[in-house]
Amino acid sequence: MLATDHAAVELRGVTKDYGRGQARVRALDGVDVDFPTGSWTAVMGPSGSGKSTLLHCAAGLERADTGQVVLRGTEITRAPDAALTELRRADIGFVFQNFNLIGSLTAEQNVALPLRLAGVRVSKREIRATLTSVGLGDRARHRPRELSGGQQQRVAIARAMVARPPVLFADEPTGALDSSSARVVLDLLREMVTDTGQTIVMVTHDPLAASSADSVLFLSDGRIVDRAARPSAKDVADMLAGLEDGERHGREA
Amino acid sequence: MVRLSWSGFRERWQLFVGAILSVAVGVALVQASLQIMAAAGDPPIPEGLDPLEEAQIRDNYDGAATLMGIAMVIAAFLAIFIVSSTFAFAVAQRRRDLALLRVLGARRRQLRRLLLCEGVLLGLCGAALGFPVGFAAVRIQRWLLTELEFLPDGFATPWAGWHTAVAAGTGLVVALLGVLAASRRAAKVRPLEALLDTGRAGRMMTLPRWIFGLLMLASSVGLFTAARSEGADTDVAVATSMGLAITGGLALSMLSPLVVPLAGRVLGLLGAVSAVGRLAEANLRDGVRRSAATAAPLIVLVALLLGLAGSLGSLAVAAGEEQQQMIDGDLIVESTGARTEKLASLDGVAVVSSQISVPMIVTITVDIGDPEELEEEVFSSGIVAVEPDAYRRTHRQEALAGSLDELSGSAIAVTTSPGYRVDLGTTVTARVLEQVSEREFSPTVVAVLPETLSGSDGILVPMDLFTPEERANWPAHAVVQLEPHADPDQVVEAIRSADLGVTRSVEEWASAQTAEQQDENVGVLVVLMGLSGLYAAMAVVNAVVISSAERKREFATARVTGLTRQQVVRSALIEAWAVTAIGVCLGGVIVAGTMTGIAGGIERTLGAAVVDVPWELAGAVAGGAFVVITVATWASVRAATRIAPIALVSARE
Ligand SMILES: Nc1ncnc2c1ncn2[C@@H]1O[C@H](COP(=O)(O)OP(=O)(O)OP(=O)(O)O)[C@@H](O)[C@H]1O
Ligand SMILES: [Mg+2]
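Sequences listed follow chains A and B, in order.
End of the first sequence = 890 in this note's numbering, gap-free, step of one.
End of the second sequence = 979 in this note's numbering, gap-free, step of one.
No lab work stands behind these hints, which were simulated from the structure alone.
Keep in mind that this is a model prediction, so the values were computed, not measured.
C-beta: ideal position from N, C-alpha, C; glycine also.
Among the clues, some could well be false.
Unchecked claim - Here are some, though not all, of the chain A residues that point toward chain B, as calculated from beta-carbon distances under 10 Å:
| # | residue |
| --- | --- |
| 1 | 697 |
| 2 | 699 |
| 3 | 718 |
| 4 | 731 |
| 5 | 735 |
| 6 | 737 |
| 7 | 754 |
| 8 | 776 |
| 9 | 779 |
| 10 | 780 |
| 11 | 808 |
| 12 | 862 |
What the hints assert, rightly or not - Beta-carbon label-pair distances, calculated as ranges:
| # | chain 1 | residue 1 | chain 2 | residue 2 | range |
| --- | --- | --- | --- | --- | --- |
| 13 | B | 510 | A | 667 | 48 to 58 Å |
| 14 | A | 878 | B | 340 | 43 to 53 Å |
| 15 | A | 801 | B | 462 | 50 to 60 Å |
As the list claims (entries may be wrong) - Residues from chain A shown here face chain B by an in silico Cβ test under 7 Å; the list is partial:
| # | residue |
| --- | --- |
| 16 | 722 |
| 17 | 725 |
| 18 | 726 |
| 19 | 733 |
| 20 | 757 |
| 21 | 766 |
Pulled out of the complex, with its shape left as it was, chain B reads as follows:
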């Protein structure tokens, strides 16, 4: 049986190249991620750091480890997807061989084992290839994470044998999981199929496919309804819509054998004027397995990538919008504590509210809903010292409980979160972490503030807790209201010449914050989704190459019938473009649903439906997909039509 697997494997190695590569990349990524996670889990913390810096460094390491963990799961999941679609092809191509084995007395169990053996071989090849690639992958990921400032420069990631062992094991498991469905299908091939001239291709919409696809579709409808429902604020809408991007993409890719030909019919009504075009359109509907296999990864990629990018982007834009709505001021000045306090003395300035970032760790004991257990939440950023009166005059924000009026002396205002509840009167621990003024005190919660989208300025403490000397060099930003008849340009000029800081309008400041958030989003998306993009490209190329090789005889027949080689290539290209357009559009439908869901939530929270549709990214993905598919189709169809057609048409299997 092993020998039979081996010979089948060797005979069809072209078919398996894509799957081997995707397992290899998966193994390499798992190895690299493990290496980084192991090193980041027990990181070298430099001596002599103050506790705040140490806390932030640890946070970054945790972030890096989390990111690597997610990347690993994505890689394994997508590799299973590619391996399983490759084997689905392999079984469809070999139905006659498999039936012949049954005729010659092979048991169902033996056919299943045959396929599983091929899966193991594929896993072994992938693991062997992935091992050296892993060392390159660890460099790339380390570089990326350093660029994104998760890891410090010169971070060392020592290799250990178990990283490779776990990675290779994952490769094998991935290959076996991928081949499982195909092996079950192989066992169902009836012996009689060996004798029939027209080997049945087997059904595309298998029962598990139906069940999983419809389940995902139902979840998508549910999530969309939840996102659009009255009670859904921005947080709920974003969470459900991101879920929708995932379930919707999976649903359409699972149901692609139904959806893609349907979309092809619609497309066919629009185009198909020339004979070549009509041939392409007929082929698209006829070659369901081929067009579905090409479109499915595109659907998932577009839905996931654009859906997530759009969600995060909209969240950032909405946060900016919320800041603009909340801040009642004319200018924002960014500088230090000492300098913002001088703003009030300038001509034309009516009110100044300085928000000074305090280097402090605040530990709050919160109620997480379990009466037995209280949890400690630790905050080390977003803690600002304010003048309560000025703050209230420049911020349209109502406390949910208590009042900012009482924010004086040993008092603190905190923001709620969906995860826990803070009661008024709770005593918290606050530790100021500057070498000169290190001290600890225990303020009482006097106000609970509503959650904001930006999450900035989450904890407010009264200014007078700190001496002017302490505050002098802490970073700060001030909201400035002008006198009714003051000339803003003059005030800006006065601030500039007195060197009191960088001045911007509220709008500019909010959009700068948005842009900063967006950059961070893009970085994280690059790490995670770049990977998915790579896999989607591999899956698409894999499907194109396999199906072109499979169509050798069909191409030859078309040429014997009178088409030139150019016409055959052109017809295949038109078909491929149509499939690409269908895949991108179907993914776009999901993205549209995601964005609509988010828009509703943002509108309910802010009164305006501000969303950020990632048009540039969409253009890049669609363009990239067209380029990849065009090149893959052109090259593989050229290769498949190299031999004189008559040799193929007359050849017997």
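Chain A extracted, bound-state conformation:
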């Protein structure tokens, strides 16, 4: 059923407005983009440029106003809630900057949660192994509040690794981390792409993080303004600076 030559996620002419009348904001403005299967794409742009909105629309958490979003062959812009739930169970995983974990569950329970929700049995050994691979083998029974921010982030990644969702959406996964913790997280993401062929769409502000991805997408005012394949961190930083400058000049003009 799955056409492998298809992109994992395709957006066609997607627009998204927030608010009404005077307070109306166009967060996405005719976005066309493919995220190829087994690739890692970073999404960059100034604050308020629509990165998170793009991610939410692509993942079906937010409905696009116009245009189409096709996720692994399914058109989701008009899909009912039940169908979207099934997609989240089988096809999508999430890692965000904050609020990743359920506070009342231990690290290992959090990691096992998506599979448990889907009614899939998981062995404790597998959970432990995954936590060990993100360097938290000895923290399995800790609750989120007993973990540091970086450790919580890694638990969230372990959760995405165990469920092995074909598409992983990440919003600033390294935002709150120091550079060495960020490095660990980025290496884990890279493993997911190369070892299991998962697709990753990652929003980030960090040029270093973006340079770990296969390609980088630049967003400004809800529009895709540039795209680069495997740029260096410096290239990314320059492009971003240019974008922000351009935006400033645009506003002054």
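Fit chain B with the ligands to the known structure of chain A by using the hints.
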């Protein structure tokens, strides 16, 4: 899912303490009530009682069983109320967690099940805790009912397994009903809310709340209009106004998220001078969920308790007023049949009408409006023997049909009731129940009397049906009219020295009867409303404790901004006091409506608007509410501000 429920439940146990306790108290009360009802339903009737005593004992047992039945319903209803408001809080607090579950692939059905599971856990905890408490509750209730003379001393209430089973089942059902609305709300949480920084708190005024609140409001307006309408006599006015106390209280508590902030605005115009006061006022309007949850139980309690107490009290006062209006006499003498008959011979006494209570059971076949069926009404009290002529001269009372003139020989006068109709000429069965003079006869109805508020002296029979020997020791009261120029003090003195009975003025006598009725009302109110008061207190403390715990971070922010811990506590106290005042005042509005409705009915019946506003009770309720809320707020805010503020402000969830 069960594991997730369990961990969520354990994590937030403080949140659920109040709800568990209220389910536990509910379970205990159901168990105790069942135990008493089962024992009273098949009571041990001592051997050798005469039928009248037996009938009265059975009446008392029935009264006890009815009271317990009502108490049970109230307990279950209020427990559902508390559980549902607790879970409403729980869902509001956990929107982000619930949204995260949706992001991770949980179906709506699963979230609903998660909440229902928590409800079951809560019900189980409540039932387990309620089981031992039930044994204490049965003692308390037995003691109360014995004090109120519903039950004899040493009444045994054996325990049976099914009492506990039914009580535990009720606890579970109560918890599940309580969690139902919250589970539906949880299922509506959108996954995206997990990612937004500002989790929407969710609307307070949900559609069912609107519908139910407006429905209750409309009913209240309807009831008030009915009570004030021309055709409403006292009975109708009291019934509709008591209904108004219930529907009005529920309406305002349902609409409290709208009404409380509005009242807060009015209050804010009056006060809010200091910075702390202004902060408190802003918080009151901002924390709608919190202030509404605290005020709602107060509104219901004040409306119900004061509304019912005021209704019953006014009815008793009006009955006293009616007695005064009806009796045309100077003195009332209470004694026995033989002695009241000697009053006429005293100097200065013009007319004496003795009303002698006859130990008799009267069975009347009445028309209840159904031509196919006639019903038997049995009376065992309020049957008095009178001298028709003297009675008419001392009582301003016109028969609706027939005439008291004809009350001689085998005749009887009866009072109507809204429930049935008695026709003139009906033959009734009367059985005199004293061992010496036990006999049965069949008098004919010669007069139908209008209903009275007091319901006393409901059936009149002619004096000459009984021999003076029979009447001699029966209790009696006599209405005495004096000669125009007689000195009442002298007559009173003469009665006293001849030992003919206790003398009082008509006014004193009527108010003594009123007081007796009031005491009985208070007893019944204590059993039923004491319970509601307990629940209202639990609900209020629950709301205060939950919301203080929820505000830890807010308090910390206020302290980092420069407020001292004392100022934070004071601001929270001012806010709590304002909410209390609003709750009490809104309840008072309903009570005022109730009393106005009753006053109208009484005025139409008696020509004077006599009402009994329960000021003392009102003071006690308001004072109690302030004390409970002050203590709960002080303790919970102190607890919530114990940690150094910076630890909370910088902490991440
Ligand atoms: N729920 C909302 N209601 C109204 N406007 C919104 C909402 N969400 C986003 N916006 C607006 O849409 C635009 C895009 O927001 P978005 O969150 O996608 O930006 P972003 O690129 O993720 O920014 P950042 O880097 O700061 O996270 C912004 O102008 C924002 O103000
Ligand atoms: Mg963003």
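Results for each hint:
1. 697: 9 Å, holds
2. 699: It holds, given that the least Cβ distance between residue 699 (chain A) and chain B is near 6 Å, below 10 Å.
3. 718: 7 Å, holds
4. 731: Since the shortest Cβ distance to chain B is 5 Å, the answer is holds.
5. 735: 7 Å, holds
6. 737: 8 Å, holds
7. 754: Cβ of residue 754 (chain A) sits 5 Å from chain B, so the hint holds.
8. 776: 17 Å, violated
9. 779: 14 Å, violated
10. 780: It holds, given that the least Cβ distance between residue 780 (chain A) and chain B is near 9 Å, below 10 Å.
11. 808: 7 Å, holds
12. 862: With a closest approach of 24 Å, the residue 862 (chain A) hint is violated.
13. B:510 - A:667: 48 to 58 Å: 38 Å, violated
14. A:878 - B:340: 43 to 53 Å: 50 Å, holds
15. A:801 - B:462: 50 to 60 Å: 57 Å, holds
16. 722: Status holds, d = 5 Å.
17. 725: Holds. Min distance 4 Å.
18. 726: 4 Å, holds
19. 733: Where the cut-off is 7 Å and the nearest Cβ of chain B is about 6 Å from residue 733 (chain A), the hint holds.
20. 757: For residue 757 (chain A), the interface hint is violated, since the closest Cβ of chain B sits about 10 Å away, which is over 7 Å.
21. 766: 20 Å, violated
Hint compliance for this structure: hints 8, 9, 12, 13, 20, 21 are not met, and every other hint is.
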